[in-house]
Each structure stands twice: as structure tokens, then as C-alpha cells.
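Protein chains in written order, with our numbering: chain V, 1 to 233; chain E, 234 to 437.
Bear in mind the hints are in silico, worked out from the structure with no lab data behind them. Check before you lean on any hint, since a few could be wrong.
As the list claims (entries may be wrong) - Each pair of labels, with its calculated beta carbon distance range:
id	chain 1	residue 1	chain 2	residue 2	range
1	V	143	E	332	37 to 43 Å
2	V	89	E	408	52 to 58 Å
3	E	334	V	179	55 to 61 Å
4	V	123	E	263	47 to 53 Å
5	E	311	V	42	21 to 27 Å
6	V	143	E	436	35 to 41 Å
7	V	183	E	308	33 to 39 Å
Cβ coordinates follow ideal geometry from the N, Cα and C atoms, glycine included.
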Amino acid sequence: MGDSQYSFSLTTFSPTGKLVQIEHALTAVGSGQTSLGIKAANGVVIATEKKLPSILVDETSVQKIQLMTTNIGVVYSGMGPDSRVLVRKSRKQAQQYFRLYKEPIPVTQLVRETAAVMQEFTQSGGVRPFGVSLLVAGYDDNGPQLYQVDPSGSYFSWKASAMGKNVSNAKTFLEKRYTDDMELDDAVHTAILTLKEGFQGQISGKNIEIGIVGADRKFRYYIEAVAYVLWLN
Amino acid sequence: MSIFEYNGSALVAMVGKNCFAIASDRRLGVNLQTVATDFQRIFKIHDKLYIGLSGLATDAQTMYQRLVFRHKLYQLREERDMKPQTFASLVSALLYEKRFGPYFCQPVIAGLGDDDVPFICTMDCLGAKELAKDFVVSGTASESLYGACESMYKPNMEPEELFETISQALLSSVDRDCLSGWGGHVLLVTPTEVQERTLKGRMD
Numbered sequence: 001m002g003d004s005q006y007s008f009s010l011t012t013f014s015p016t017g018k019l020v021q022i023e024h025a026l027t028a029v030g031s032g033q034t035s036l037g038i039k040a041a042n043g044v045v046i047a048t049e050k051k052l053p054s055i056l057v058d059e060t061s062v063q064k065i066q067l068m069t070t071n072i073g074v075v076y077s078g079m080g081p082d083s084r085v086l087v088r089k090s091r092k093q094a095q096q097y098f099r100l101y102k103e104p105i106p107v108t109q110l111v112r113e114t115a116a117v118m119q120e121f122t123q124s125g126g127v128r129p130f131g132v133s134l135l136v137a138g139y140d141d142n143g144p145q146l147y148q149v150d151p152s153g154s155y156f157s158w159k160a161s162a163m164g165k166n167v168s169n170a171k172t173f174l175e176k177r178y179t180d181d182m183e184l185d186d187a188v189h190t191a192i193l194t195l196k197e198g199f200q201g202q203i204s205g206k207n208i209e210i211g212i213v214g215a216d217r218k219f220r221y222y223i224e225a226v227a228y229v230l231w232l233n
Numbered sequence: 234m235s236i237f238e239y240n241g242s243a244l245v246a247m248v249g250k251n252c253f254a255i256a257s258d259r260r261l262g263v264n265l266q267t268v269a270t271d272f273q274r275i276f277k278i279h280d281k282l283y284i285g286l287s288g289l290a291t292d293a294q295t296m297y298q299r300l301v302f303r304h305k306l307y308q309l310r311e312e313r314d315m316k317p318q319t320f321a322s323l324v325s326a327l328l329y330e331k332r333f334g335p336y337f338c339q340p341v342i343a344g345l346g347d348d349d350v351p352f353i354c355t356m357d358c359l360g361a362k363e364l365a366k367d368f369v370v371s372g373t374a375s376e377s378l379y380g381a382c383e384s385m386y387k388p389n390m391e392p393e394e395l396f397e398t399i400s401q402a403l404l405s406s407v408d409r410d411c412l413s414g415w416g417g418h419v420l421l422v423t424p425t426e427v428q429e430r431t432l433k434g435r436m437d
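Okay, chain V solo, but in the shape it has when bound:
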């Protein structure tokens, strides 16, 4: 198509009105490992597959779910190193906000600033867009919140969402299972079941990661979610 002639320059629109580099970034995200998030009435849970390239990799050293602040956590689908850069910038922005206002940054503000960073990299020279979509989960004065941020810099608030491989099956599964008055424990259970749906191979505590934030506003992550998965099986 005529589009492909415009696919190499980020800062040039194609005749169909797209920035094709961003589309390619979204493809990179779509071929990344599945991750999902569910917002419950009293908290948020995010989870991801953790497929390691070999059994020789020390799985305790790999951490895909990370803290942005004590009450906000994030998981990604796509290129890991890109997500690390974003998490680093967001952490700094959160601390700058605190330094100025002596108040923890609201989730919406942090998401907005992270999205602004991602957008910057779609309108500058000599850079490429980030190859990750982030799922940001936090609990603040406005209650539990779940946001997805895309490589283009757009962000959406979700009740439940999935990204990466197998996203359509996962979303269908979530649509069927989601209820507005879900409790946090139900949400965690549903999250693991959803991951299990599209999982290639045997799901175990060692190849998924879970992050949970409840009304206590402390984001906790479980690299080895053994207990939950055992209980599930």
C-alpha cells in the first residue's frame, strides 16, 4: 500500500493519516507476553506471564511488575528495556510532584505525565516510539484505578483489560467474567484464570507475576505467585 513508503519516518504522516511507526510499535506490543489488569471494588490487580527464554535463567531475578510509587504499580507488554526507561522517568516525576506539593501524586496525574513522555517520542527527531503498552494500577483518594498507556501516548481508564499476545481471547474472557461489584480476591482469581486461558504450557507460580493494591494503598507484587496458583489448581 502507499502507506509503506511512509513507514520509515516517524515524523511524517502517511496519506491515510497514520503515523506508521506507531502502528509498528503497537505490533511490537501485540507480540509481547500477555498482561492484564482488573479493577475491583476495593482494589486493583495486574498480572503477566513470565516466559523465560531458558530454564537456566534465574527467575527470581526477573521482575516485570514494578512500583512507580508506594501505591501505584505498573506492568507492560512489549519491550522490557523500554518499560524500564519509562518507569524510571515516571518515578522521578512522581517524586518531583511530592517535593513540590508534599502530597502523593494522584494516579491520573502520573498517567498523564507518563503518556506525555511517550507522546514526546512520537514527535521528535532521531527517536523511535516506545515499544511497550503499560497497565498502571493504583489506589488513591479517588479509589482504585486502572489505566492503559499506549506507545502513541493515548491513555484509557479500564475496568478490566488485557494486552499482548492473545489479547482478544483474554478480553472476551474478561468481558464475560467481570462484574462491577467484584471484590479484590475474586479479581485476583479471575486474573489468574484469564492468564491460564491463553497459556502455552503449564501455568505455575513461577511463570506468572501478580501485583495487587488494595484499600491500604500499598502496592505489593508477587514474583512467585505460588500460593495462589496452587490454590487455584
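Fit chain E to the supplied structure of chain V, relying on the hints for placement.
Frame of chain V, contents of chain E only:
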């Protein structure tokens, strides 16, 4: 004369029962010459947050303009008003930015926080915050104000009594200071209303 005494000012804020009062004098001088008798030193940030700025008048006005600018942006971004504590932290940060060439003003911040709990604080020209549970003072008449407030203040005063107390404290203190006076301006803020009153004192 020091730069802080160039224009002359007196500011005081007091905490009452679920309310607060903030008061200032009305004189604007150039050294010993009085130039205006209706000068505004107390500014509204939002319905439940007021800031008084003593010291050099030009710096007080500029600080106010910068703070209103920041607060309006905050309101647009966060879709809510700033809490008094947050605002105080912002003022402190802005003042410290000019650590080696400061604004010559001393703010007095008074507001009703969440649950309508009154909050007052003052800071020096470099942003060192001083929180208080009872009263805060600032300006050329501050020494007299400290004495007057210390003796006249009682905790948990109702709005009417608080108004009387803060007015008496202000008027008696500015009478002992040649650089402030020419009446007073008192704002009494409760969760439901704001009363603004002008005091007539010794017009000298």
C-alpha cells in the same frame, strides 16, 4: 531602614472553632510617607483558602500573581482545589527557588482543609514553614502582634468572638507601629460563608 520595612505591613491569622480569621492593616507607605490607605494585602486563592503577604509590596503582588497562576493550572489539571497544606508547600518551594535573590515578603496562609479543619501557617522570605495551631503573625508590627495575640487568644472561639479578638489584636498592635495602620481589613471564613469587614482605627 530595611527592605522589609519600606512599605510597612501588619498581618495576623487566627484559628477558631471550625473557622479561621485573617486580618491585615491597610497602609501603604514609601518609607515614612503614607501613599495609600486602602491597600489590599490579603488575597483569595479559592473559597476556602486565603493568603496574606507582608513585606515589600511589589514582591507581595508578584508572588500573588505567580501563585494564582500556579493554582489555576493545578485546578485545570487536577480538577480540584488545592488543599491548604499543599498550597503552603507550593509557596515554600517557590520562595526557596529564589534562595539567593529572594522575594522580600512573608506570607501568612490560612485555609479550611478537608473536613473543614482550619489550617494556618506562616513562613519567612526563604520559605521556612512555621505551622501553628493558634495564630500566626507577620509584618513590621509583628512583635506587638505576637504580644497582643498571646494575651488575647483563646482556643475554640466561635466566629463572632474570633472576629472581635483578631480585630482588637490587630488594632492595638498597629497603634504601636508607625509603619502600619490606617484601619484594618478582616476576613472571617467558616465552612458556609465568608465575612469581610473593614475596621476603622486610628487614622495615623
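Hints, one by one, checked against the model:
1. The beta-carbon spacing between residue 143/V and residue 332/E, approximately 39 Å, falls within the hinted interval of 37 to 43 Å.
2. Between residue 89/V and residue 408/E the C-beta distance comes to about 57 Å, which sits within the given range of 52 to 58 Å.
3. The hinted range of 55 to 61 Å is satisfied by residue 334/E and residue 179/V, whose Cβ atoms lie roughly 59 Å apart.
4. Evaluation of the 47 to 53 Å hint for residue 123/V and residue 263/E yields a pass: the beta carbon distance comes to about 51 Å.
5. A hinted range of 21 to 27 Å for the beta carbons of residue 311/E and residue 42/V is consistent with their spacing of about 24 Å.
6. About 56 Å separates the C-beta atoms of residue 143/V and residue 436/E, a value inconsistent with the hinted range of 35 to 41 Å.
7. Taken as a hint, the range 33 to 39 Å holds for the pair residue 183/V and residue 308/E, whose Cβ atoms sit roughly 35 Å apart.
The structure does not agree with numbered hint 6 stated previously, though it agrees with all others.
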